[in-house]
Every structure is written in structure tokens, then in C-alpha cells.
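J.: Protein chains in written order, with this note's numbering: chain A, 1 to 183; chain B, 184 to 594; chain C, 595 to 767.
Worth flagging that the hints you see were computed from the coordinates, not collected in a lab. Owing to the predicted nature of the structure, the values given are computational and were not obtained by experimental measurement. Virtual Cβ for every residue (Gly too), placed ideally from N, Cα, C. Hints may be right or wrong, so weigh each one.
Partner residues aside, some chain B positions facing chain A, computed with beta carbon under 8 angstroms [claimed, not checked]:
| id | residue |
| --- | --- |
| 1 | Gly242 |
| 2 | Gly245 |
| 3 | Arg249 |
| 4 | Arg413 |
| 5 | Lys481 |
| 6 | Gly590 |
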Amino acid sequence: MSDSKIITNAPAPEGFSGEGFFATKLSDVVGMARANSLWPLPFATSCCGIEFMATMASHYDVARFGSERMSFSPRQADMLLVMGTIAKKMAPILRQVYEQMAEPRWVISVGACACSGGIFDTYSVLQGIDKIIPVDVYVPGCPPRPEQILDGIMRLQDLVRTESVRRRSSHEYTELLASYNIK
Amino acid sequence: MSDLLLPPELRYAAIIEKRKNEDGSELSILNLGPTHPATHGIFQNILLMDGERIIDGEGTVGYIHRAFEKIAENRPFYQITPLTDRMNYCSSPINNMGWWMTLEKALGIEVPKRAQYLRVIVMELARISDHIICNSVLGVDTGALTGFLYVFQYREKIYEIYEEICGARLTTNMGRIGGFEREWSPLAFEKLNILLEEFPPIWREFENLLARNRIFMDRTINVGPISAERAISYGFTGPNLRAAGVDYDIRVMQPYSSYEDFDFEIPVGKSGDTYDRFCVRNEEVWQSLSIIKQALAKLPEGAYHADVPDYYLPPKDEVYHNMEALIYHFKIVMGEVPVPVTEVYHPVEGGNGELGFYLVTDGSRTAYRLHFRRPCFIYYQAFNEMVRGQMLSDAIATLSSLNVIAGELDA
Amino acid sequence: MALDNSTIHQTLADQFATAVSDFQQIHDILTFEIDSNAISEVMLFLRDDKVMRFNFLTTLCGMHFPDAAEERQFAVVYHMHNWIDNVRIRIKCFLPASNPEIDTVSDLFASANWQERETYDFFGIIFKGHPQLKRILNMDEMVSFPMRKEFPLEDGGRTDKDDRFFGRTIDNC
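Make the full structure from the sequences, and use the hints.
T.: Structure, rendered in C-alpha cells:
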């Protein structure tokens with residue numbers, strides 16, 4: 001038998017436990033559940049998509065972070081992973097996919113091209129997806145190593161775990177969406 | 184004629200209005216949109232369907248147009264290599280080496296034998312990694328996920344070899360004008376030898392999973408066929424053309440970088456359907472493994488780069504300690520080196536076919552015009568002809584077997 | 595008999611007299627010019643003749659020379675390849691800036707279809723007789739032709755990058 005001390009359970013949130021019950025805050029439980037079951041929508045356009053395929057494969061295995069099922073349908077996805085260059089021709093489609101996602105939704109922008117246009121400072125490339133949709137985590141790199149993509153997903157997990165359950169109906173969030181003209 | 188200038192959905196809507204089937208059903212339009220799990224990369228196809236059968240289709244590309252040819256007119260030669268990486272990003276060393284060979288032809292530089300053999304090794308590794316993706320994802324698209332997971336582990340091993348050589352995994356930006364930037368470390372050769380031992384049984388296992396599998400054969404035989412004449416007219420090259428029966432391979436037609444020293448066969452199919460493309464790529468992986476073994480066995484000693492200080496960027500620590508290296512580094516970066524006014528076309532055998540570089544120089548440090556002959560862009564035109572009359576799921580399998588890489592399609 | 599440069603030169607000169615000109619060997623490819631109104635028949639001859647046998651159109655691209663004379667400002671460059679004798683040639687057709695039109699070769703080679711659309715998209719060269727000459731890589735609504743030398747590389751309307759930090763001034767970009 002191995003003497004490994006690998007943690008296989010997510011740490012329990014702060015709370016008060018007793019005989020057969022555990023009392024904690026709703027937002028902690030909801031946050032824990034959401035953070036450990038983020039289903040990605042892989043919006044892979046170019047080279048970063050191949051690094052994502054490597055992340056998805058068995059060596060780096062994103063499934064152990066809860067992203068077991070790649071949802072290609074926006075309605076069933078939690079996080080939108082935009083990987084690769086977004087050209088101006090593609091921008092309306094990205095926007096449409098983001099709008100079709102159901103709340104709560106998060107966006108990770110993977111790779112230099114998605115974060116800021118990358119090395120393609122040209123007339124046909126959108127200089128960063130945050131021009132059209134709000135982004136939660138930026139993962140730089142060209143392309144980022146799978147470890148960096150996993151780090152981005154872990155940072156997103158931290159965000160998700162500590163998010164308030166009232167955030168999506170709050171005034172700041174509505175203003176954020178309005179600044180992008182998203183209804 | 185002006186009808187074809189309309190967007191396809193309007194054209195097909197007009198056809199649907201006019202035609203009705205005997206049983207009262209109508210034709211329909213399906214948008215196999217840019218974001219689709221089965222299209223590897225973003226290109227759109229609008230299909231006119233009769234139930235499950237495709238009557239007609241039209242493709243739209245350009246969703247990842249990054250204006251490479253325009254960028255290349257504004258960048259010095261060393262800065263164009265990262266662009267070439269990002270064309271066919273599944274086998275970027277081939278693109279890099281093709282670009283270096285184009286420049287060497289234009290500048291009249293002779294590359295030493297050792298560097299040529301090392302280039303052959305890295306290009307064949309890239310070809311293996313490209314075919315691994317294509318064939319395993321063809322399996323995924325027909326429902327067989329297992330093969331993908333098995334062989335992707337070996338793509339990681341190939342990436343580790345690239346890391347030993349140049350430091351990057353995917354977009355390698357490998358090499359210099361005249362050779363490589365550093366001698367390959369002993370660890371690179373060790374990893375290469377381990378790969379050559381461990382990979383063949385795994386590839387044999389992958390072949391056994393799919394090649395004589397009843398379900399896979401039913402899904403891929405007679406799916407998306409193309410005849411040799413149509414393929415040549417459409418400009419097919421590479422494994423797609425060889426599957427149609429024509430043995431055209433630039434490595435044999437116009438050998439570059441010492442390919443004439445190696446003994447390898449060109450696998451050829453018969454009917455140009457999806458199954459033939461799968462089998463041709465499988466067999467090419469075996470031939471690539473054999474070429475790598477021969478190159479390692481015959482690897483000559485010598486310099487890993489040509490002695491052209493005017494064009495070859497000196498190693499960085501020499502730049503800090505040696506006056507000549509500093510001066511050459513400055514001249515190369517600032518573009519004070521002699522560049523002839525000429526034009527050159529150099530093709531290499533990429534993972535998808537003849538990848539050509541047409542370079543027109545005007546004596547300055549940037550190219551005047553650089554045109555990439557991108558095989559994916561040229562053969563993707565034939566897709567709609569190949570799937571006319573087939574079912575939708577056959578179209579997905581055909582698309583997957585053509586190995587269309589969006590970066591190369593749009594550039 | 596191997597198909598060498600002098601044979602190609604002689605055969606074309608005999609067949610087409612003044613429509614072909616300026617034969618040069620640049621590195622390893624024979625390069626020559628054709629009048630833009632003769633391209634269709636010359637290419638048909640090159641493809642179907644029993645000696646020429648150039649069965650493959652390798653690539654087709656456009657070029658822009660803003661500093662050249664007015665009738666030589668645009669060019670369409672074709673590379674053809676004879677697979678049987680393994681010979682490549684490069685054909686250039688120069689077009690005037692005021693009216694850059696040339697016949698299509700998409701009826702001879704199906705691969706020219708998208709390549710001519712790409713050349714139209716980038717340079718604005720009209721291919722007469724092309725079945726579907728519309729933009730392919732850029733957005734359909736675009737009005738200018740981006741690969742022409744006067745069109746800038748960067749998007750003029752971008753707000754997140756300061757040109758001063760990239761060394762770009764009004765004069766050099």
C-alpha cells in the first residue's frame with residue numbers, strides 16, 4: 001500500500017457539525033458544488049485548442065477538476081473556454097454563444113490571442129475578447145502549457161467558490177452586462 | 184451567375200420554395216456552423232438537406248483569418264517563423280523548416296549534412312504527430328474515443344522531444360537560417376530512442392482497434408470518395424491525393440534536406456474514400472518511423488548550422504562577450520545584411536500536402552510579398568462535391584478524414 | 595526528350611508569338627510573362643498539349659506594385675507543375691491599376707476557384723467568368739482590399755494599444 005497523502009476530497013467548508021448533520025452557509029455549499037463541477041464549453045479556434053486537447057487527454061486530465069463532460073451546447077455549459085484567435089468575422093458568433101449560456105456562467109480567456117489579440121495586431125483580428133464579452137480569468141501564453149490552463153481553471157474555481165449567491169441579480173452585475181450591451 | 188453571389192441560405196430557401204417531395208416533405212437547410220464539436224477548427228458549411236441526405240452545400244471560411252500574408256510584409260525574416268508555426272499548428276516544425284529552406288534558397292546558403300538529417304528527424308516527428316491527431320480524432324468522430332486517449336499520450340512524448348530541442352511544445356519556432364540554434368542535447372536523443380521503442384506497439388494497437396473493425400469500416404468505406412482526376416483538378420496533394428491513387432510526394436519528386444538519402448515507400452490508396460485516407464495516414468506513420476530510424480543510424484558528425492555569420496543569429500552568450508558576434512547580431516536584427524532581390528518558390532511535404540512558400544524579396548529586411556500555398560485551403564473546396572448525396576454523419580466523417588486545420592485554411 | 599527551358603520557350607513562342615515574353619530562369623523555375631488577355635488559351639495549351647503536359651496548377655496569387663508604371667501595377671502569378679517530367683514554371687500577368695481584370699482559369703483547374711476569390715478579396719482583381727467571385731477570407735461587408743500596399747496592417751480604430759510604444763509614426767506604418 002502506498003503511503004500517499006493525496007487529498008481526494010474537497011475540503012469541507014466552515015460549519016458546525018453534529019450527530020448526522022452539518023450546518024454551514026448556503027453560499028459555501030453552493031460554491032463548493034459549482035466549483036467542483038464546472039462543465040466547459042471548449043470554444044477552440046486555433047493552436048490553444050490543441051493544447052486544450054492535450055489538457056483533456058490522460059496526461060494532464062482536466063476531468064479530475066470536475067470538467068468531465070465537454071458540453072458543446074451553450075445551454076448546458078458552465079464555463080466558456082475561449083481558446084485561440086477570435087477574428088472580427090467570428091466575434092458575433094462568440095457573442096451569440098455567450099448570450100445563449102444560462103446563468104451562472106463564467107468565461108476563461110485562454111491564450112494571448114483571446115486575451116488581447118496576441119501577436120496578430122491586424123485589421124482582421126479582435127484585439128481581445130473582453131471587447132465583446134466579460135471575462136473572469138485570463139490565461140496568458142502562446143500557447144499556454146496545459147499546467148497553465150489548469151491553473152486558470154483552479155483560479156476560476158476559487159472565484160466560483162467564494163461568489164455570492166446573489167451576484168447574478170445584483171446591480172453591479174447588471175451594469176457589467178449593460179456595459180457590453182448584453183441583455 | 185449572380186445567384187451564386189447570394190448567401191447560401193437565401194439561395195437554398197428559394198429552392199425549397201419551389202420543390203416539394205412526393206410524400207409532402209420539404210427540403211431543409213442545416214447550418215453546420217463555425218462552432219461545432221466535430222469540425223476541427225472553425226469553418227462553416229450550410230447544407231441543403233433532404234432528410235438526412237445532403238443535396239448541396241456551400242462552405243464559408245475566414246473565421247480565423249489573421250492576415251498572415253500582410254503581417255509577413257511588415258516583419259523581418261526571423262519574425263516570420265512564429266507565423267509559419269501557427270499555420271498548421273499540429274505539425275509546426277515542418278512549416279518552420281520549410282520557411283528556413285525557402286530563405287536558404289533565396290540567399291544561396293548550403294546547409295551541412297548533420298543539420299539536414301536533424302531537420303529530417305524533426306519533420307518526420309511532426310508528420311507523425313499530425314497523423315496521430317487526424318486518425319485518432321477520426322475515431323472520435325465515428326464514436327471511438329479510446330484510440331484518441333491511448334495515442335495522445337505519445338504526442339506528449341513527442342512534445343517532450345521538441346522541448347529538449349527548442350524549448351516549446353506546440354508552436355516550436357525551431358531553427359535558424361542555416362540550421363539549428365543549438366546542438367541537440369543527449370537527452371533529446373535518449374527520448375527519441377525511447378519513443379522509437381515504445382511507440383510502434385501502441386500504434387499497432389491503435390490500428391488493430393480501428394482498421395479491421397466492422398463498425399469503423401462501415402462508417403468509412405465509400406464515404407466521401409473522390410477520383411484521381413477530380414482530385415488533381417482540385418489541387419489535392421498529400422495523403423488525401425495519395426488515397427485517391429496518385430503517388431505524388433514532394434519528398435520524392437523534388438527531394439530537399441537530404442530526403443534522397445533515405446529509403447521509404449509512399450502508401451497509396453485506391454478510391455479516395457475516408458477509409459483509404461485513414462489507411463494511408465496509418466501507413467505513413469510507419470514510414471516516418473522508419474525514416475527517423477535510418478536518419479539516427481546514419482547521422483553524420485559535423486556542424487549543426489551553416490557558417491553564414493551574416494544571416495545566422497549568434498548564440499546569446501557570445502553576443503555579450505565577443506565583438507564580432509555583437510556586430511553580426513546588431514546587423515541581422517536591424518536588417519543591415521545583404522538580401523538579394525529575387526523570387527523563390529519552395530515546397531515541402533507538409534502533413535496535409537504541398538506546403539509552398541512563394542517569397543519575393545526587394546533587398547530590405549522584410550519580404551516584399553510572401554504567399555503561402557496552403558494545402559488545406561486548396562483542397563477544402565472539394566468538400567461539397569465529395570459529400571453530395573451522402574448522409575450527414577458521412578459528411579462529418581469525411582470532414583474529419585480530410586484533416587482540415589483552420590489555421591492553415593485561413594491564414 | 596526532356597522538357598527543358600528552351601523547348602518550352604520555343605514551343606510557346608511558336609504558338610503564341612507576342613503574347614508570351616520575358617523568359618528568365620530565376621533559381622530553379624522558368625519564369626515568363628503572358629498578356630493578360632491570352633492567359634486562358636495559353637494555360638489550356640500548357641495543360642492539354644502532349645509535350646507541355648502541365649497538369650497541375652500549384653498556386654495562384656496576386657501582387658501589387660504601387661511604384662510601377664500604371665499598366666503594370668497589379669500582377670497575378672501562377673505556378674504550374676508538370677508531374678510527368680517534373681518541371682515547374684511561373685507565369686506572371688501584369689494588369690493596369692485602373693482596370694485590373696483577367697480571365698478566370700477556374701474552368702480549366704477547379705483549384706483556381708477559391709484561389710481567385712482570395713486574390714479578389716485581397717487585391718480587388720476581377721476574374722471575368724468566375725462563377726462566384728465574392729470575398730472569402732475577409733468579412734463580406736468590407737469595402738477595401740487589404741493586401742494592397744496602401745492599406746495599413748493594424749486596425750486604425752483600436753484603442754488599447756499606443757502606437758508610440760511600438761515605434762509607429764504616421765510616416766512609417
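J.: So which hints don't hold here, by number, going up?
T.: Of the numbered hints, 1, 4 and 5 do not hold.
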